[in-house]
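**Q** Based on the hints, put chains B, C and D in the right spot on chain A.
One letter stands for each residue in the lines below.
Number of protein chains: 4
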Amino acid sequence: MAKVKVAVNGYGTIGKRVADAVTLQPDMVLVGIGKTRPSFEARRAAERGYPIFIAGNGSKADFDAAGLATAGPVDAMIASADVVVDCAPEKVGRENAKKYLAAGVRAIFQGGEKADIAEMSFNALANFDRARDRKTVRVVSCNTTGLARAASVIVPHWGVTAWEATIVRRAADPAESNRGPINGIVPTFELPSHHGPDVRTIFPDLRIATTAVVVPTTLMHVHVNHVILTRPPADAGAVIARFRQTARFHLFAPWEHVDGTPQVMEYARDRPNGRPDMMENVLWDAGVRVDGSDLYFFQAIHQESIVVPENIDAIRAMFGLAESGAASIATTDRALSIPTP
Amino acid sequence: MAKVKVAVNGYGTIGKRVADAVTLQPDMVLVGIGKTRPSFEARRAAERGYPIFIAGNGSKADFDAAGLATAGPVDAMIASADVVVDCAPEKVGRENAKKYLAAGVRAIFQGGEKADIAEMSFNALANFDRARDRKTVRVVSCNTTGLARAASVIVPHWGVTAWEATIVRRAADPAESNRGPINGIVPTFELPSHHGPDVRTIFPDLRIATTAVVVPTTLMHVHVNHVILTRPPADAGAVIARFRQTARFHLFAPWEHVDGTPQVMEYARDRPNGRPDMMENVLWDAGVRVDGSDLYFFQAIHQESIVVPENIDAIRAMFGLAESGAASIATTDRALSIPTP
Amino acid sequence: MAKVKVAVNGYGTIGKRVADAVTLQPDMVLVGIGKTRPSFEARRAAERGYPIFIAGNGSKADFDAAGLATAGPVDAMIASADVVVDCAPEKVGRENAKKYLAAGVRAIFQGGEKADIAEMSFNALANFDRARDRKTVRVVSCNTTGLARAASVIVPHWGVTAWEATIVRRAADPAESNRGPINGIVPTFELPSHHGPDVRTIFPDLRIATTAVVVPTTLMHVHVNHVILTRPPADAGAVIARFRQTARFHLFAPWEHVDGTPQVMEYARDRPNGRPDMMENVLWDAGVRVDGSDLYFFQAIHQESIVVPENIDAIRAMFGLAESGAASIATTDRALSIPTP
Amino acid sequence: MAKVKVAVNGYGTIGKRVADAVTLQPDMVLVGIGKTRPSFEARRAAERGYPIFIAGNGSKADFDAAGLATAGPVDAMIASADVVVDCAPEKVGRENAKKYLAAGVRAIFQGGEKADIAEMSFNALANFDRARDRKTVRVVSCNTTGLARAASVIVPHWGVTAWEATIVRRAADPAESNRGPINGIVPTFELPSHHGPDVRTIFPDLRIATTAVVVPTTLMHVHVNHVILTRPPADAGAVIARFRQTARFHLFAPWEHVDGTPQVMEYARDRPNGRPDMMENVLWDAGVRVDGSDLYFFQAIHQESIVVPENIDAIRAMFGLAESGAASIATTDRALSIPTP
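Residue numbers (this note's numbering), protein chains in the order written: chain A, 372 to 712; chain B, 372 to 712; chain C, 372 to 712; chain D, 372 to 712.
Okay, chain A solo, but in the shape it has when bound:
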C-alpha cells in the first residue's frame, strides 16, 4: 500500500516533533515542512533532509542568505500532500484551513484552535474509530490529551461521579526566553477553566470541572486530580496496576527517587535514543491514593510532546491504516520508542 504523504505546516515546538515522528512511521512519508523564516530550527530541518517550503510572509532570499535550500512555496507542499498537519501558531490554523479546503487536502489541527475548526476532536485511546475517513480532525491540546487519556482508563473501569482537576501550568516552553513570570503565580480567571469543556468534546457526559494557575517553570504541567468514582476499586494498587497496563502511561516507583518534574525530564533526557521527550502521562505510585470512593492522583504532562503520537494516530485513523486504535497505538509507540506495557 502506498504510504500516506504527510506535510507539516509550521515547524515550532509541535511541528518539528510531528515531522520527526512521521519519518519514523512505516506507513507514512514526509513531503515537507512549512517554515516562515530561517532559524536554528530550519537549519536542523535541513540537516535532517526535510524539504523546506516557505510559509506565511517568508522570503526565499532570506533562506538563500542563510544557505538553506528551499523547495518552493507552502502551497506547493500542500498540493503534493495527502494530509497536512497544521502546526501553525494558535489562531493561524483557522486561516490555513481555507487553503487546505481549497486544495482539497485533508487536515489535522492542534488543540490551540477551537473545536469547530474540524469535524471532530480526537484522542487515540478514547475515540480512534470516530476519526475514520474524516477530512478534518482536531487533536486536542496537551492538557486535554492528558485528561482524556486518564478518563479513558477511569471511566470504563470505575465510573466517574465527579472529577476535579487543578492544572498547574508551565508559563513558557524551554526555548521561549521572552515569557514570564520569573517569580510569581498567575491564576487563570476562568472558573471553571476551558479544559473541562474541552475534555467533553471527547467524553460528552463526563462530569469534570477544572481550574488553572500559571507558574514559573518551563518543563511540564502538573494535574492535581480528585475523582469521585462510581464503582471504586479496593485500593490504589488496582489503579496503579491498571495505569501501568495502559499504553502511554508511565509510572515511577518510589525507589526511582523522582520527586517532581525536574527528575521526570531528566529521565526523558536519559532516553537511549530520540528526543528528550515524555510522550506518556506521567504518574507516581506514591501519588495515587484511593480512599473509599475518592481517587486522588497527580499526573505530569510534557506540553511539548504529548500530542505527537496522537497526531500520528489521527492520520492512521483518517486513512484507515490500522484496524483499531490499539493497533495504531502499538505501531506508533514502537516507532517512537515509547515503551509498551
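Read the hints as simulated data drawn from the structure, not as lab findings. Possibly wrong hints are sitting among the right ones.
The list treats identical chains as interchangeable, and a pair is accepted whether it falls inside one copy or across any two copies.
The list that follows gives simulated cross-link-like pairs (lysine to any residue, SDA-like), each with its CA atoms no further than 25 Å apart [stated by the list, open to error]:
(1) Lys431 x Glu627
(2) Lys462 x Asn549
(3) Lys376 x Pro643
(4) Lys470 x Leu577
(5) Lys462 x Asp446
(6) Lys485 x Asp662
(7) Lys462 x Asp630
(8) Lys376 x Asp641
(9) Lys376 x Ala624
(10) Lys376 x Ala543
(11) Lys462 x Arg550
(12) Lys431 x Asp641
(13) Lys470 x Pro643
(14) Lys431 x Trp626
(15) Lys431 x Ala657
Note that this is a predicted model, so its numbers are computed, not measured.
**A** Frame of chain A, contents of chains B, C and D only:
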C-alpha cells in the same frame, strides 16, 4: 492596666514581624527577642532598639565581635516575660516548650509544630474566645490560617457540603538562597495533604480535602478552592460583598490590573508605611465564581506575614485584653495599618 | 523661600518612588502625578492624596468608573509646575519633552532616554554643580548611576588606568509578570556595552569597558568590577573604609551573612520605615580585593530605586536649593532615611 | 588491538554521559558502572545493559527490591578494568584514589578534585601529548575546559597580553530540585576566582583573571571574556573563522535567532540522535568583537557534557590509542556525533 510583657524567641521570618507588631500594640510591650547568632537581621533588631537575648548555642563573643549589644541569655528573657511567642525553626518549639513550662510562663507556638504542643489551635476570626485564659496556644500555619479565615466566612453564611483546595506552594522565602527547585514542579505525595486535618483543629466538622504542589516562586502561596455550598447565595456578587466586609480579606477589582502574585506583592510594597506585607487573605473579584451550589475562588496567601496579626490576637485572648475577637482584631489591624472594612 | 513645585509625569517603578521622595523633602511640593489608566498603583496614589492628572490616551471615564478622583489633564499639571520629572516609559520622554518646552517648564528625564534629550547627564556625587540653573537635566540610568558613584570615589583617590565591568542584569522588575527568561542567560550582543559610553557622559576621560548579560531574577543587578588603579592603596581595607565613609554606599560585613541579592533585599524589607528599597550602591567587605594595582569589587544595584535620590538632587541643583552637592545629598538622604556615613 | 576496558565509578551527571560515550568508541569497552543506590538513573543503566556494581555504602538488597540486577561490589569492577573514570561526587574521588592505586589500575579524575590528585591536568586541544602513558590524569572542570579550549585557539594565533573572564554560573543542574536561589544573584567572594589558577594547570604562563557569580538557571554557564591580544588580527571575522575551523567550537550565526542559552539548549535537543547535550564551546558570531588589541567574546558552556569528550581523549592518550590529539579528537567526535569543522 499593665501592658503584657511579650518575648519573641526566634527572630526569623515570623519572629521579626511579630516583634515589630508587638511594639505597635497599645497593650503590649516587647521585653526582647531571642537570637542565636549575629546577622543582618540582628543588626536591624539592634537598630530598632530591641533587647537581644542569646538563644540556642549562640555565644556572646560572636555578638560582641559584631558590635551588637546583648541583654543576656534567652532564659533571662523568658523569666521576665508574661508570654513567649515561640518563633523558633520547626520542631525546635517542642524543645523550647519545656523551658517555658519550667519557667511558668505562657507560650504561643507556630503552626510548624504539631497541634498537641498546645492546649488549642487558634485563629482569630474562628475561635478567639476558646483561647481565653489558656497557658499555651498554637497559631496555625499560614496556609491553615488562610483556609480557616475563609471558612469563618463561608461556613456560617452558606454552609459547606464539601470543600476541595489545591495549595500551590512557594518553594522558598525571598531571602532563602539555598532552596529550590529553580525550574520544576514538585507534588506533595500526601493525599489528601495535612492542611485539611489542620483546618479541622479549628473547624472539627468541616468536610475539606486538600492537595499540594511546590512551585519555583518565593512570593506567595495560591489556593485554588472549590466549595459545594449547602445554602448557596444568588451569585458571586454576594460572596464578593461578604468577603469585602470581613476583616483580613483584601479583594482586587479588575480595573486594578493585578494579574497574579507579582502585582499583589507590588501592591504590598506600595504601602504607605510598615513592612511590604500582605496580612490579609487576597482574593480577586474576577476570581470568584458561583455556579449553582458550586463556589470557586482563588486566594493568595503571603506566607511570611499572614499569621502575624493572629499571634497578636492570641496574646490578647489569653490575657483577656479584649472583649471579643472582633474587638481584638480591630485593635490589631489599626495598629498594623491593615485596612478595616 | 517658596518650595519648588514638582510634577511627576509617569507613575511606574521610578515615578511612584520619585513622587514619594518629593513629598518628603523640606523644599519641594508635589503638584501631581501623570497617569494613563486606573490601576492598583493609581489607587495607592489616591490613598496617598496625590492629585492624579490624566496622561497619554487615558480617559476620565475610566478613572471615574474605578472611583478614583482626577485633577484634570496632564497639561494642566505641567502648567502648574516649576519642574516636571519625566518618568514615562523609555522613548516616550522624547515626545513629552516638546510639551515641557512649549510650556516653558523645566524638565528632568531618566536614563532610558538618550543623552541628547537634555543639556547634561547628572549624578549627584559626580557633577552636581554642573546642573545649576539648567533647564533640562537627564539623570543617568540605574547601572550608570551605580558606576558613576563608584567612579566618584575611585577616580579622585586612586586614579583609574583601566576599568572593566560585567553587568549581570535582572531580566524583569518584580511586578512584571510577562517578561522572561524563566530559565536561561541572554548575552547582550553589544561589545562593549552602552554603559561604558554612558558613564563617560559624566566622566568623559574614564577608560571603562563594560559588558552585560541578562539573567532570570527580578531583584537587583550585580556589577563585577575589575579596576586597574593608577595609585593603588595599600590594601582592600583602605578601599572598604573609603566606601563606608561615602554617602550612598552600603557595605555588608561578613558576620551579617548576606550572601547575595536575596538577603540584600531582605535587609531592605527590614527597614524601619519607607519603601523596601536599597538606594545605595551595595558592596560586601568580603567582595573587595586589592592585589597590587588591581582592585576587584562586586556591587549590587537596586534598579527600582537607586536613581530616586539622584532625581531629588537634580531638582535641588537646577533651582539652586543647596550650596553644594554634599549639602543636597545630606538633605535628601535624611529625608529618605538613607543612613549617612 | 584489544579494546581498553573502562569502568565508570559514579553514575551521576558526568558518569552516565561518560559511560554512554565509552560504549560508542571503537577502541574501548565499558566493563561496568558503580552506583550506590537504585534510582531512575540506575534503571536507565540497566535498560542500556550496563553492568551495575554496588558502590559506597549501597546494598544489594536495595537493588534486588527494585528489580535491578547487580554484578557485584565496585571493587570487582575496579579489578576488571584497565582504567577507572572516577565520576564520584566532589571530594569522594580522593578517597577512591587509594582504591585505584591499591588495585594497580589507572584512573581519571574530574575537575571537582584538586589538581594534585593526579599526575597532570588535561585538556585534549591543549596538552594531549602530556598525558601519554600516565597512570593518573585529571580532566579539568567544565568552566576550565571551556577556557582552556578557547586559550588553545587564542594563545598560538594572536598571543595573550591579559585575559579577563566573568563566569556567570548556573546555580543547579536541571534535575537538582533542592538547590537555589530561585530569585537572586550570589557573587563568589573569591577574587579573582579559582578558575584562573585552574586554567594555569594547563597554560602555566597565561595571564588570566577570573570572577564568578551564581544565577538562577539550570541550563549553561556563560563566560564573558575580554582578552588583550599581543598580535591582534584585523577584525572579528578572522577570529570567528578560526573558531569555526576548530574542533569542539560551535558558532551561531545571526540568522539562526539564538538569543541565549534557552535556544542553545533547544538546538541541542533538536540533535538527530544522542543526548540533548552541547559538548562544544558555544559562541555567537554577533558575540565576538575585535577593537584594536581588545577581543571580546561570550561563550556558553554546557556544564553537564563539555568534559565528556575530554575524558574519552584522556583514555586514548594514556593508552597510546591515537597518534595525536587531533586524531583522537576526530575519532571521539565522530563517535559522539559532534560535528567536525
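**Q** Compare the structure with each hint and give your call.
**A** Against the structure, the hints:
1. Taking the shortest Cα distances, Lys431 and Glu627 sit within 25 Å of each other only across copies (15 Å), while inside one copy they are farther apart (50 Å).
2. In this assembly of identical chains, Lys462 and Asn549 lie within 25 Å of each other by CA distance both inside one copy and across copies; the values are 20 Å within and 20 Å between.
3. Taking the shortest alpha-carbon separations for Lys376 and Pro643, only the inter-copy value of 22 Å comes in at or below 25 Å, while the best intra-copy value is 29 Å.
4. In this assembly of identical chains, Lys470 and Leu577 lie within 25 Å of each other by CA distance neither inside one copy nor across copies; the values are 35 Å within and 57 Å between.
5. With identical chains, the CA atoms of Lys462 and Asp446 are at most 25 Å apart within one copy only, with a shortest distance of 19 Å there and 41 Å across copies.
6. When the C-alpha separation of Lys485 and Asp662 is checked against a cutoff of 25 Å, the pair qualifies only between copies, where the shortest distance is 24 Å, while the shortest distance within a copy is 37 Å.
7. Proximity of Lys462 to Asp630 under the C-alpha cut-off of 25 Å is restricted to the inter-copy arrangement: shortest distance 24 Å between copies versus 36 Å within a copy.
8. When the C-alpha separation of Lys376 and Asp641 is checked against a cutoff of 25 Å, the pair qualifies only between copies, where the shortest distance is 23 Å, while the shortest distance within a copy is 32 Å.
9. Proximity of Lys376 to Ala624 under the C-alpha cut-off of 25 Å is found in neither arrangement, the shortest distances being 41 Å within a copy and 33 Å between copies.
10. For the identical chains of this complex, Lys376 and Ala543 are neighbours neither inside a copy (32 Å) nor across copies (44 Å), given an alpha-carbon limit of 25 Å.
11. Taking CA atoms no more than 25 Å apart as the test, Lys462 paired with Arg550 passes in both settings, with 19 Å inside one copy and 22 Å between copies.
12. Taking identical chains as interchangeable, the C-alpha atoms of Lys431 and Asp641 lie at most 25 Å apart only when they sit on different chains, with a minimum of 23 Å there against 38 Å within one chain.
13. With identical chains, the CA atoms of Lys470 and Pro643 are never at most 25 Å apart, being 40 Å at best within one copy and 31 Å at best between copies.
14. In the homo-oligomer, the alpha carbons of Lys431 and Trp626 lie at most 25 Å apart only across protomers (13 Å), although the nearest pairing inside one protomer, at 54 Å, exceeds that limit.
15. For the identical chains of this complex, Lys431 and Ala657 are inter-copy neighbours only, at 23 Å across copies versus 54 Å inside a copy, given an alpha-carbon limit of 25 Å.
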